[in-house]
Amino acid sequence: MNVTATLFGQMITFIVFVWFIKAYLWEPLTQAMESRTKKISEGLAAAEQGQKKIEQATIEFSTRIDEAKTQASSIINDAESKSKNIVEEARVAAREEAQKIAKTSSQQLEQEVNAAREKLKSDVAALSLLCAEKIITKEVDKNMHDKIIDEVLNK
Amino acid sequence: MDNKAPATDNPVDYIQHHLQPLAVGDGFWRINIDTMFFSILLAGLVMIIAYRVGRTVTSGAPTGMQNVLESLIDFVNSLVKEAFPKPNKIVGPIGLTIFVWVLLMNAMDLIPVDLLPKLADMMGIHYLKVVPTTDPHTTFAMSLCIFLLCIYYNVKIKGFGGYMKSFMVHPFGIYLAPVNFILTLVEELAKPLSLALRLFGNMFTGELVFLLIALLPWYIIPIPGSLWAIFHILVITLQAFIFMVLTIMYISMASEESH
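These protein sequence lines map, in sequence, to chains A and B. Going letter by letter, the first sequence gives residues 18 to 172 in my numbering. Going letter by letter, the second sequence gives residues 1018 to 1276 in my numbering.
Read the hints as simulated data drawn from the structure, not as lab findings. Incorrect hints may appear among the rest.
To be verified - As a list, the in silico EDC-like pairs of lysine to aspartate or glutamate whose alpha-carbon atoms are at most 20 angstroms apart:
hint, chain 1, residue 1, chain 2, residue 2
1, A, Lys86, A, Glu113
2, A, Lys138, A, Asp163
3, B, Lys1175, B, Glu1204
4, A, Lys101, A, Glu84
5, A, Lys138, A, Glu113
6, B, Lys1098, B, Asp1131
7, B, Lys1103, A, Glu113
8, B, Lys1098, A, Glu44
9, A, Lys56, A, Glu72
10, A, Lys138, A, Glu150
11, B, Lys1098, A, Glu113
12, A, Lys151, A, Glu127
13, B, Lys1106, A, Glu51
14, A, Lys55, B, Glu1087
15, A, Lys151, A, Glu135
16, B, Lys1103, A, Asp95
17, A, Lys56, B, Glu1273
18, A, Lys99, A, Asp83
19, B, Lys1106, B, Glu1273
20, A, Lys164, A, Glu127
21, A, Lys117, A, Glu135
22, A, Lys172, A, Glu135
23, A, Lys138, A, Glu97
24, B, Lys1175, B, Asp1091
25, B, Lys1103, B, Asp1091
26, B, Lys1175, B, Glu1205
27, A, Lys55, B, Asp1131
28, B, Lys1106, B, Asp1131
29, A, Lys39, B, Glu1204
30, B, Lys1106, A, Glu44
31, A, Lys101, A, Asp83
32, A, Lys39, B, Glu1087
33, A, Lys56, B, Glu1205
34, B, Lys1173, B, Glu1273
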């Protein structure tokens, strides 16, 4: 083999080829690969973080649910006892009211009975006086007889 | 050149004819057109693919050719990272280019030995060597570029004095400086020489064996022909790989701080 232009031609071809590959293939592709590596590792980190967040959220969720459950049961208990109280109170009030009504009505009744009795008494007195007046017209002193009748009636 | 008859009648002529490059010019300006044509054709092919992939490159999910090239780049890059402690911007592209180019040029060997020369013969071109790596010009061109790059890195990293000093003291210490100088010189020169000759020798003998197989009667050719072609796929890839790895090794040795 002699040193000929072919050798230099091939050398130039080689150098141009290397330069071209470096400029148009190697650099953009290695950059893309690097950025992809970065992207993937970032994505994995984000996924891990998300996983952690989910775990935290589930824990928080369950505690919240527990809290809510206890709260709800306490509210229900409160409500139950309150309603019992109210019913009890209402019952007591009703009973008192009923008693009061019964009392007043019996009082009224008594008063009426008394009034009727008074009236009857006076009516009877008047009637008997009238009768006596009619029966024993002149001889009987009205005042004396009234006194006697009163005594009788009072007895 | 008719069918088998002239080949088997005159095997020496047949082989010599096939090993004759298509050349123009004399002396220094002798240019092997076939070598240049096929090597530039393959380089151009790779450049077109590289340009198209490089223009539409995406850092998202890669598809098609980008996948292929990315795995190649990853492969080369892992070799470079093993050999180089410090990042080096040029070695990767050189390794990739060498691997792809040498692989494709070697792969021309797998095209039946008579096919392209015969087609060229029909078009009036009477000599054609299809495989550029069977031309020592190609292999020496690459190894010389690498040799020059090695010298550049030696001088850049060690300084000119340091580089000269490594010639003087390298194997046996300073007291045997002349011996050291000769030994180191031979060692340094042997690197590009062996690099070029290894590839050339392998491909040349491979081609020669294909030619010898082509001389056999047509009903025997398929058996040794296919066997040798299958074996040759290994040789092609291996030689491209060796050339790339040695290139990376030589440049990394040249850019080491001290011997």
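How the hints compare with the structure:
Restraint check for Lys86 of chain A and Glu113 of chain A: the C-alpha separation of about 40 angstroms exceeds 20 angstroms, so the hint is violated. At most 20 angstroms may separate the alpha-carbon atoms for a hinted pair to count; Lys138 of chain A and Asp163 of chain A meet this at roughly 13 angstroms. The straight-line distance between the Cα atoms of Lys1175 of chain B and Glu1204 of chain B is roughly 18 angstroms, inside the 20 angstroms bound, and the hint therefore holds. Under the criterion of a C-alpha separation no larger than 20 angstroms, the hint pairing Lys101 of chain A with Glu84 of chain A is inconsistent with the structure, at around 26 angstroms.
The suggested pairing of Lys138 of chain A with Glu113 of chain A is violated, with an alpha-carbon distance near 36 angstroms, which exceeds 20 angstroms. About 43 angstroms separates the Cα atoms of Lys1098 of chain B and Asp1131 of chain B, which puts this hinted pair outside 20 angstroms; it is violated. Between Lys1103 of chain B and Glu113 of chain A the alpha-carbon distance is near 102 angstroms, which puts this suggested pair outside the 20 angstroms criterion. Distance hint between Lys1098 of chain B and Glu44 of chain A is fulfilled; the C-alpha atoms sit about 16 angstroms from each other, no more than 20 angstroms.
Between Lys56 of chain A and Glu72 of chain A, the direct Cα distance comes to roughly 24 angstroms. Violation of the 20 angstroms bound is thereby established for this hinted pair. Taken as a hint, the Lys138 of chain A and Glu150 of chain A pair is honoured in the structure, with Cα atoms around 17 angstroms apart against an allowance of 20 angstroms. Pair hint Lys1098 of chain B plus Glu113 of chain A does not hold up; C-alpha atoms about 101 angstroms apart against a cutoff of 20 angstroms. Annotation: proposed proximity of Lys151 of chain A to Glu127 of chain A is violated, straight-line Cα distance about 34 angstroms (limit 20 angstroms).
Simply put, Lys1106 of chain B and Glu51 of chain A have alpha-carbon atoms about 15 angstroms apart, close enough for the 20 angstroms limit, and the pair holds. At most 20 angstroms may separate the alpha-carbon atoms for a hinted pair to count; Lys55 of chain A and Glu1087 of chain B meet this at roughly 16 angstroms. For a cut-off of 20 angstroms, the pair hint linking Lys151 of chain A to Glu135 of chain A is broken: about 23 angstroms separates their Cα positions. Taken as a hint, the Lys1103 of chain B and Asp95 of chain A pair is broken in the structure, with Cα atoms around 76 angstroms apart against an allowance of 20 angstroms.
For the proposed pair Lys56 of chain A and Glu1273 of chain B, the alpha carbon gap of about 34 angstroms is over 20 angstroms, so the pair is violated. Between Lys99 of chain A and Asp83 of chain A the CA atoms are separated by roughly 24 angstroms; this puts the pair beyond 20 angstroms, and the hint is violated. Restraint check for Lys1106 of chain B and Glu1273 of chain B: satisfied, since their Cα atoms lie roughly 15 angstroms apart, inside the 20 angstroms limit. The straight-line distance between the Cα atoms of Lys164 of chain A and Glu127 of chain A is roughly 28 angstroms, outside the 20 angstroms bound, and the hint therefore fails.
Between Lys117 of chain A and Glu135 of chain A the CA atoms are separated by roughly 26 angstroms; this puts the pair beyond 20 angstroms, and the hint is violated. With a CA separation close to 14 angstroms, the supplied pair Lys172 of chain A and Glu135 of chain A stays within the 20 angstroms bound. Proposed proximity of Lys138 of chain A and Glu97 of chain A is contradicted: the alpha carbons are some 60 angstroms apart, above 20 angstroms. Distance check on the hinted pair: Lys1175 of chain B and Asp1091 of chain B sit about 30 angstroms apart at the alpha-carbon level, beyond 20 angstroms; violated.
Pair hint Lys1103 of chain B plus Asp1091 of chain B holds up; C-alpha atoms about 17 angstroms apart against a cutoff of 20 angstroms. With a C-alpha separation of about 16 angstroms, the suggested pair Lys1175 of chain B and Glu1205 of chain B falls inside the 20 angstroms cut-off, and the hint holds. Taking the CA atoms of Lys55 of chain A and Asp1131 of chain B, the gap is about 52 angstroms. The hint is violated against a cut of 20 angstroms. Restraint check: the Cα-Cα separation between Lys1106 of chain B and Asp1131 of chain B comes to about 42 angstroms, which exceeds 20 angstroms; the hinted pair is violated.
Restraint check for Lys39 of chain A and Glu1204 of chain B: not satisfied, since their Cα atoms lie roughly 30 angstroms apart, outside the 20 angstroms limit. Among the hinted pairs, Lys1106 of chain B with Glu44 of chain A is consistent with the structure: their alpha-carbon atoms are about 9 angstroms apart, no more than 20 angstroms. Taken as a hint, the Lys101 of chain A and Asp83 of chain A pair is broken in the structure, with Cα atoms around 27 angstroms apart against an allowance of 20 angstroms. For the hint linking Lys39 of chain A to Glu1087 of chain B, the alpha-carbon distance of about 13 angstroms falls within 20 angstroms, and the restraint holds.
Distance check on the hinted pair: Lys56 of chain A and Glu1205 of chain B sit about 44 angstroms apart at the alpha-carbon level, beyond 20 angstroms; violated. Of the pairs offered as hints, the one joining Lys1173 of chain B and Glu1273 of chain B holds, with about 10 angstroms between alpha carbons and a cut-off of 20 angstroms not exceeded.
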